[in-house]
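Sequences and hints are given; from them, build the entire structure.
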Amino acid sequence: MELFDALKFEIKKGWKSMLIFGGVIGLLFLVLVAMYDPAIFEHYNEIIESLPPELLGLLGGQVDLGTFSGYFNMYTLEFAWMWFGLYLILKVAQDIPGEMENKTIDLVLSKPIKRWEYVLSKQLHHIITIFVAVTIPLGLSLAAIGFNTKILNTNVNFGGILLSYLWLTILLWAIESTVLLISTVFRRRSATAIGFAVIMVLWFIPAFSGSIPIDNIEYISIFQYFNTRVILIDELMTNVVRDILILVGWSVVMSVCAIIYFMKRDIPV
Amino acid sequence: MIKISIIKTKNLTKFYGKHRGIENLNLEVQEGEIFGFLGPNGAGKTTTIRTLLGLLNKTSGKSSIFGIDTGDRKNSVEIRKKIAYLPGELGLYTNMTSRQNLKFLLSLYDVEVDWAIVEELASRMHLDMDKKVRELSKGNKQKIGNILVLAPEVNLYILDEPTSGLDPLMQNEFYKILKERKKQADATVFLSSHLLPEVEKVADRVGIIRKGTLVEVSSIASLKKMALKRVEIFTKSNEDAKNITNLLPTDIIQNQQIDNSRLIFLCPTTELPLLIEQFNRIKSQIQDLQITSPALEDIFFQYYESEKDQKEKKK
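Chains as they are written, first to last, in the numbering used here: chain X, 128 to 396; chain Y, 946 to 1260.
None of these hints come from the bench; they were simulated from the model.
Per label pair, the in silico range of CB-to-CB distance:
1. Gly1012(Y) x Lys143(X): 42 to 48 Å
2. Trp243(X) x Thr1158(Y): 30 to 36 Å
3. Val312(X) x Asp1059(Y): 36 to 42 Å
4. Gly1012(Y) x Leu289(X): 52 to 58 Å
5. Lys230(X) x Glu1057(Y): 21 to 27 Å
6. Gly1084(Y) x Lys391(X): 33 to 39 Å
7. Gly1016(Y) x Leu289(X): 45 to 51 Å
8. Leu217(X) x Lys1076(Y): 27 to 33 Å
9. Ala1061(Y) x Val312(X): 41 to 47 Å
10. Glu1080(Y) x Glu176(X): 57 to 63 Å
11. Lys230(X) x Arg1018(Y): 19 to 25 Å
12. Asp1059(Y) x Lys135(X): 18 to 24 Å
13. Gly273(X) x Glu1057(Y): 46 to 52 Å
14. Leu372(X) x Arg1018(Y): 27 to 33 Å
A virtual CB, placed ideally from N, CA and C, is assigned to each residue, including glycine.
Spelled out as structure tokens, the structure:
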């Protein structure tokens, strides 16, 4: 099937950057976990408490940095979408528009490959990139936990960490599919700028929803459905499955819209 | 024998917003022929090809390849299985080698392309397959495109400026291989180009496109026949050349120039007998005479003389 030939080629083309990307973020996570010492970080609780509520909202709410779960949630997971997402937005926004601008798309789409197969091969490659890029930091985070006795001595919620990474992977898929749709409509630069803008706006909406005069506006944001503190800090499963399903639904809808639009559009000269 | 139309368009129209790409284009390319598609930049050649390939959605009209409607997305894959297309602006994956580019792009055909053919073509075209594309010259990049169309066994070659950047030897080699491959599969070739001498050498018929509309379809021979002849008269002096000019019937000669003692002009083929009669009267002033068929370029420019020029001429 042409879909898999195209996917194979995408992986061959991008495996190095995929590993470098995962490796760099993995090292960052490794350092963040390895440096954790509850005696040091519990002093930051006062600073966190003094932050304005909107800013605290962006950081995932009030947590106790004296516990590893609170620290891990704030320092890695709440910002993880940014570490991964910024690269992802750049990559996805430039992928299809880049092929259009470089004219490689002409050679590909003049072959017997269906347009949906072409878009899907791109998306599968992005998803594999996300998976690899999340798995390496997960592995290195777990390794760092294993070596940091100050963490091991506490009650570490390994199941919660694994589920949080899965949730993060699905959030990144939602970001990817949103930017994928944008990339099928606009040229490279516009797609990158609009992609960044849309994701940033979606990120700000839940934190600033109180200042926006539209009721329940926070529910239009994908970030509203990413709340790992429920699992890690509260150790509950309230709405977790629902939120994950909403993110999956969002991703599927965005992906289908991207495919439908791409199938109908002109490939410009 | 009834020839089957491989490519057929009826009033095919493509507008980019308000801008015309092609308008009411009627074209028929028959099975087994090499059809030259000529036109300057912006005439609509590439738009025609991209609309036929389904890369662009037509605004109106009909078009089919192998009898299959090109606008039908479901069936367009069936068309593309039997087509090899070389775009005018070749885009390759520059961080990959020629071999990797070819492997990927040829893998998109349903039928596996015989790699021995690819290797043979690369050797005939002197292409280093293991160099990264970004390290290759324009000509060598073009060779990758050429191999890409020549390697698969297809029924229709759609080529947009296929020899751009190639040296004359390689151009000849490309057309030699194309003819071999065409013969093997009894394929049809749709060759879009502005390199007129090239088209002249290989095409059976030529279509000329102007401002998005086909203005002429003809065999190379009849196109030349209906066209002008180029007449060159060599005289002893510049004065003689000027005198001869005064004696020639001004209504049948065009583009008259005097270059030292040489008089050059164009004349319709049908008026040649009249012209030769005139030469008889002034033969003492003529040292040498050459009447040649113009290059396709001369014919071509007749169609492309801009309206502005024509208006100026009328004035």
